[in-house]
Every structure is written in structure tokens, then in C-alpha cells.
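So you can see what is in the structure, the chains are spelled out below.
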Amino acid sequence: DGGITQSPKYLFRKEGQNVTLSCEQNLNHDAMYWYRQDPGQGLRLIYYSQIVNDFQKGDIAEGYSVSREKKESFPLTVTSAQKNPTAFYLCASRKDDTTYGYTFGSGTRLTVV
Amino acid sequence: QKEVEQNSGPLSVPEGAIASLNCTYSDRVSQSFFWYRQYSGKSPELIMSIYSNGDKEDGRFTAQLNKASQYVSLLIRDSQPSDSATYLCAVRHGGGGNKLTFGTGTQLKVEL
Numbered sequence: 001d002g003g004i005t006q007s008p009k010y011l012f013r014k015e016g017q018n019v020t021l022s023c024e025q026n027l028n029h030d031a032m033y034w035y036r037q038d039p040g041q042g043l044r045l046i047y048y049s050q051i052v053n054d055f056q057k058g059d060i061a062e063g064y065s066v067s068r069e070k071k072e073s074f075p076l077t078v079t080s081a082q083k084n085p086t087a088f089y090l091c092a093s094r095k096d097d098t099t100y101g102y103t104f105g106s107g108t109r110l111t112v113v
Numbered sequence: 001q002k003e004v005e006q007n008s009g010p011l012s013v014p015e016g017a018i019a020s021l022n023c024t025y026s027d028r029v030s031q032s033f034f035w036y037r038q039y040s041g042k043s044p045e046l047i048m049s050i051y052s053n054g055d056k057e058d059g060r061f062t063a064q065l066n067k068a069s070q071y072v073s074l075l076i077r078d079s080q081p082s083d084s085a086t087y088l089c090a091v092r093h094g095g096g097g098n099k100l101t102f103g104t105g106t107q108l109k110v111e112l
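Chains A and B supply the protein sequences, listed in that same order.
By our numbering, the letter at position 109 of the first sequence is numbered 109, and the numbering carries on one by one without gaps.
By our numbering, the letter at position 57 of the second sequence is numbered 57, and the numbering carries on one by one without gaps.
Simulated from the structure, these hints should not be mistaken for lab results.
Don't be surprised by glycine CBs; every beta carbon is placed ideally from N, CA and C.
Heads up, none of these hints are tricks.
With a cut-off of at most 20 angstroms between alpha-carbon atoms, the simulated PhoX-like pairs for lysine-lysine come out as follows:
(1) B:K67 to B:K56
(2) A:K95 to B:K99
(3) B:K99 to A:K71
(4) B:K99 to A:K57
Quick look at which bits of chain A chain B covers, simulated, 3 or more residues with Cβ under 8 angstroms:
(5) 29-40
(6) 47-58
(7) 104-110
The following label-pair restraints were derived from C-beta to C-beta distances:
(8) B:Q80 to A:D54: 36 to 46 angstroms
(9) A:I51 to B:K109: 36 to 46 angstroms
(10) B:K67 to A:I60: 25 to 35 angstroms
(11) B:E111 to A:D59: 35 to 45 angstroms
(12) B:S52 to A:Q17: 40 to 50 angstroms
The shape of chain A in the complex, shown without the other chains (with noise of 0.2 angstroms):
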């Protein structure tokens, strides 16, 4: 079956670590995107991209890093100098000739020890 693959499903972070979320996508998707949810916040943007080797920051893009070099995979990097990185990370993706509607994976739950 299709669909997107987020891992690990949960995560601990050190300070001053930096850390890689996973997300692969089998819809032959040409969109993908991160999300970052926190209680009662919503859903944020943190990047997206629309095609390979392209990307575009999202709202809270300051700490994150990513990169798009497969169609399929769109990996999502935590690093340092993001301050409050425990949330709940969502990716999603989405057909461009379709429904503008999103597709999201099962998320990972990042938490800072």
C-alpha cells in the first residue's frame, strides 16, 4: 500500500544534539512538507518543498534544516540552535495534479531529555 513513513516514531534529544527525522513517501508525490504541532498551537510549517533539490522555509524555519535530494524522502534535521524542539513532527505530501489536499505520515514525538 502507499503511503508516507515517518520514523523513529519517538525520539529523545540531549542538549546540544542534533538529531534527523526520517520521512519517505511511496504516492509518487511531487510536494512534500514539515509540520511541527504543540499543544494548542496548531499546525506550524517549518519547510516545504515542491520538487527535488528544491526547498522553501516555512514560518518557524529558524533551527531546522532539511534537504530533497529523492523525489521520496524529505528528511527533517532538529538542530541546536533550536531552543524548544519537544513537539509532535508531521509530514505530509501531496499530488500536484490532484486534490490540494495533504496526505500526512504517523508523525514523530521529539522530546528533549
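Assemble the complex: chain A is given as a structure, and chain B must be docked to it using the hints.
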């Protein structure tokens, strides 16, 4: 100023009743509107999309859009306990990237 506004709830309705969830948005050039359902600890699931003024029905769900009033709503008929979740309103606004802006969600509780 928030671009997409929702009442956080919780909205409590008895089983079998109609649940009415509301959303307002600020960007007048917004063209596409979506409702997602999110169970606690899970990722959002798309349940309805609407692009033109009026009503769109899909099973027990009806989405309503009024672009003049910048208002979109979701009605759930014959509410079931399994409908208890947070409902997120999302709006695709003008500009590149076809990005969605999400409201903070309305928590719905369907009581037996």
C-alpha cells in the same frame, strides 16, 4: 493575527445529534478548504474538502462554504462516540507552494 480561527471547545454533543464545527479565515483570496480529523496522539486524516460556495455532502459529513463571509463549517450528522476527536480546519491561501494554514482545532466529544 491568526489566519484561521476555530473555537477550541470542547464541543459536547449527545450520540445521534448533529455536531456543528465552525471556522473563519482572514485571507480573502483563499480558494481551497479542508477538514481534518485528528485522534489524540495520531496524525490528521483528511475527511472533507470544499472549493466553491455552498454545501458538499459525503456520508454523515457536510462541509459548508461562504466565501463572502469567509466562513467554512463542518456538520456531522448522527454523531457517534467514534467521532470524538479534534477537527482541524485548513485553508490553502494564495501564493507559491500550495501551503495549507491550519486552525488550532476544535475538540469534539460525543457522549453516550
